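Colleague: Sequence lines, in order, name chains A and B.
With the working numbering applied, the first sequence covers 1 to 546.
With the working numbering applied, the second sequence covers 1 to 546.
Just so you know, the hints here were simulated from the structure itself, not pulled from any lab data.
What you are looking at is a predicted structure, and each value in this text was computed from that prediction instead of being measured.
Glycine residues also receive a C-beta, built at the ideal position from the N, C-alpha and C atoms.
Where hints are given, some of them may not hold.
Have a look at the derived ranges for each label pair, beta carbon to beta carbon [what the hints assert, rightly or not]:
#	chain 1	residue 1	chain 2	residue 2	range
1	B	Arg454	A	Asn315	16 to 22 angstroms
2	A	Gln518	B	Gln497	22 to 28 angstroms
3	A	Arg428	B	Arg107	55 to 61 angstroms
4	A	Asp494	B	Trp172	37 to 43 angstroms
If the Cβ cut is set under 8 angstroms, some of the chain B residues that face chain A in the computed set are [as the list claims (entries may be wrong)]:
#	residue
5	Asn42
6	Ser112
7	Asp462
8	Ala480
9	Glu508
10	Ser511
11	Met538
Protein chains: 2
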Amino acid sequence: MKSKVLRIIPLGGFGEVGKNMMVYEFGGEILVVDAGLMFPENDMLGVDYIIPDFQYLLDKRSQVKGIIITHGHEDHIGAIHHLLQEIQAPIYATPLTRGLLEVKLARNGAGSKAVLNTVQAGETVQIGSFKVDFFHVCHSIPDGVGLGIETPAGLVVHTGDFKLDHTPVDNWPTDYAKLAEFSKRGVLLLMSDSTNAERHGWTPSERVIDNAFEQAFRKAPGRIIVASFASLISRMQQVSNAAVRHNRKLAFVGVSMVDNMKIARKLGYLNIPDDSLVSIDQALNMPDDEVVIMCTGSQGEPSSILGRLAKGAYNLFDIKLGDTVIHSSHPIPGNEEKVYSTINRLLQRGADVVYEAVAQVHVSGHASQEEQKMMLNLVKPKYFIPMHGELRHMRQHAFLGLQVGIPEENIAVVENGQVIEFQDGVMRVAERIPGGYVYVDGSVVSGMDPDLMRERELLSQDGVIIISLVLDKDTGRLAASPDISSKGFMVSKDTSQLFSQLRSRIAEIASRSDSSLQRDIERSARDMLYNEVRRRPMVVTSIIKV
Amino acid sequence: MKSKVLRIIPLGGFGEVGKNMMVYEFGGEILVVDAGLMFPENDMLGVDYIIPDFQYLLDKRSQVKGIIITHGHEDHIGAIHHLLQEIQAPIYATPLTRGLLEVKLARNGAGSKAVLNTVQAGETVQIGSFKVDFFHVCHSIPDGVGLGIETPAGLVVHTGDFKLDHTPVDNWPTDYAKLAEFSKRGVLLLMSDSTNAERHGWTPSERVIDNAFEQAFRKAPGRIIVASFASLISRMQQVSNAAVRHNRKLAFVGVSMVDNMKIARKLGYLNIPDDSLVSIDQALNMPDDEVVIMCTGSQGEPSSILGRLAKGAYNLFDIKLGDTVIHSSHPIPGNEEKVYSTINRLLQRGADVVYEAVAQVHVSGHASQEEQKMMLNLVKPKYFIPMHGELRHMRQHAFLGLQVGIPEENIAVVENGQVIEFQDGVMRVAERIPGGYVYVDGSVVSGMDPDLMRERELLSQDGVIIISLVLDKDTGRLAASPDISSKGFMVSKDTSQLFSQLRSRIAEIASRSDSSLQRDIERSARDMLYNEVRRRPMVVTSIIKV
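Kindly produce the complete structure, drawing on both the sequences and the hints.
Modeller: Given below as structure tokens:
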């Protein structure tokens, strides 16, 4: 009776359950929701980004009936070209999300592989045996949707990233009526966004930012530079509105921000009057108090435009006294140090900086506790699985579920790769499959290799010492003086005496050692370096016989 | 008339002005306040810790009349043995701070060099031409002091780290009477703690933690493990009080925490009944619900006890279902990712984790905005210099100064190394001296070397490729096949084909190249590796002629 079982499998991301990819499977048919990437943590050295491990799908390629993308953020669309490389299934998305997908696919040369279907929020689409209601949700990007997935095993509500904003910038609140309708139909399972489960109360409306912007614009004596995410379309709208009110022209800089702005304008999700927009060149030639510049770099990325401005390393212009920088974003955990250092450097260069801690120039795009409880009470599910959060968030979200009356045994806190099954209306936590993530590191897509990471970690601490020996293949004796060099170890002027000492020691070992020569040299070098300068570089020995 | 000038110079730390060291200079006499260290930021690869650059003092060794340590935290005492290596001056500290200094000095073999003087809060000490009133301040360690420094140029109030806690755990509030007395005498300058200048309102009293602890203790079904800073003596007192109330025995683990606990008990700053204390071995053999274990690791440090418990790598015991971990600390910026990952891992292992976001199990030890304004209004200084903060904090603190009526021209926001002079009651921002920090990296104490950091950064990203060549010194031709190895580059099973390809290319270059051989090989290797696998490792070539 396998075919009567609904299987749900969250995949990918480190700990953020099902954020990057969620798999729904029924009767030999599969629906994939989202295909996103995550940026590496600070200790994932050299890794470019991370995508879900979708090995599970590769064995069932032909069963994948569709891929739904809930909204246009990187953590939901960023792995789409990797997925399409393996799996040819039609994609379903709302107009703006589709527009952003097209930009993304074109950039990765994967445009031709994709079959894209536009769905309007409010529509219902049959994808294999899944009948999916797309319903509008507010989030920090327009045109986001949640899903009502009707399966023969019951109705599953998948919120996507959401907040319950009554006064969103695009005047399009979350579709409460649809949620109420679901509850009337009877909801088997709610899968709901846990990101802000530690935050009390309600997340403030995007609209509150207008006040902080208004104040900052009123006070700014010179140029205004607004830094935010490239995908924060509603923030672009708010900045444009403020610019129009204050008779300033608006220029965008940064490839991804400009691309997103263009597609959002073209599709009608962003209303900026033509005569308000200027190029950055024009902006830089206008009086300072008639200009607003919007750019990326709000996460302190050193190579972003704001990062380069903070270091005085941006080629188009420099920060100067009288500039006002509005830092319209919240640091993602792990980025705090870089963000604050950027703010300090901007202050140092003479800018006034307006940031979250001193004015409400950013709000979250995710529901807080009261909204999460509201969602639970609107949908009235039989079962509840918190998703889109680290373990700590999902635990808190589970407590909220208990508070609104969901029985403990009907709540499952699961990790990526954990299969959950529903049969005859009953939930069962089933087997665990590989559900982690894979690294994209250069051109290589691979599982995590702890030894490689450990080597990079060691290299980053005290660098590397390279010892090259040439031995006579007949006598086994040194044929030349050993060559020693280093990278990342010490300033080179400080190493000459140390290395000549090390050379003598090696020559001595080489004169008496045999099969264990390499090991003896490396051990001896390590000991000597630690004793002399208290460092532990990696030691690499190359022995060539001639 | 040089001698009539009071010079003030904040030193050390990255951006946190005067936090690690402040220099007061008058008439050829110098008073040093604090000698602390900072822990490196995430991008300071391989650096153990950072100390102030006190080059300025080395030229004036004999003029240093005394070193005052305001309290026993690492960022105020941690560089003392480096300072004493260069400068022999008597140290002044309150009893607990002295006790912690002695432990620190003994551990660094610098105990014999130190002349230590105990000063009680409330006492006045003449140090050269500086007459110093030590006044009690509340902070997250007992026995902290601020200073009223009477100089011939006027009275300077140096708050040290402080908060205005009306109900501190040791029942010893900040000495308001002394502050009022200063204002009566007339204060030339206030130098005040800016750490929390972005926080509205008042910092909650340490006492509020008791409620959260009480609730967590009441609910805990098994062992309770409390993680905090090794120096948080008042937290130890609160944990002990809760343990006594709930008939649990208390065990401390971790060298620094045990050392600090012992010295604080010995000096009467920590009141734990003898029969409440047990060893960790005893604790592990008692029923789970009769035990509290206190340890370090609240900043997510992987090698700390909590860090090892989270990874299942602690040798004394493992986390198990039923354990309650109370994470009693706030992540220092830059540590968030590690802290949250530790919490997630503890949850994964079955512990219930109580942390700041879900219960008030930690409060700050620093004054918030209302307290900072209170300090300004109590002291009524003519001039105001925010200290102990990054630039962003000091700017906010300066705004508070403006709000309480200090004229803008009487407020100076300065950076480390900026000399401020007072003459005839007038402030002047004078010259800038090297006032940054020096790295302690292994046994080497040195200025920052950007090239070395850059090499470590590159090594950490894509590792290193090592190419060794042996050339015949007569013909210049390869005497053996090139040897190629790598560290941190790729998993070694994936490199064999790539490296054999590279070997051929090198042999080809070696056959036709001459003086530019090394450069040609490295360039060619870099190009090939990038084209083939999109990585940019460092390439090191060693050429030996035989």
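Colleague: State for each hint whether it applies.
Modeller: Hints, verified against the model:
1. B:Arg454 <-> A:Asn315: 16 to 22 angstroms: holds, 21 angstroms
2. A:Gln518 <-> B:Gln497: 22 to 28 angstroms: 24 angstroms Cβ-Cβ, so the 22 to 28 angstroms window holds.
3. A:Arg428 <-> B:Arg107: 55 to 61 angstroms: Holds, since A:Arg428 and B:Arg107 (Cβ atoms, about 56 angstroms apart) stay within the stated range.
4. A:Asp494 <-> B:Trp172: 37 to 43 angstroms: Distance hint for A:Asp494, B:Trp172 is violated at roughly 49 angstroms.
5. Asn42: holds, 5 angstroms
6. Ser112: violated, 22 angstroms
7. Asp462: Holds. Min distance 5 angstroms.
8. Ala480: holds, 5 angstroms
9. Glu508: With a minimum Cβ separation of about 18 angstroms from chain A (threshold 8 angstroms), the hint on B:Glu508 is violated.
10. Ser511: Interface hint status for B:Ser511: violated (17 angstroms vs cutoff 8 angstroms).
11. Met538: Holds - the Cβ of B:Met538 comes within 8 angstroms of chain A, reaching about 6 angstroms at its closest.
In this structure, the hints that do not hold are numbers 4, 6, 9, 10, in rising order.
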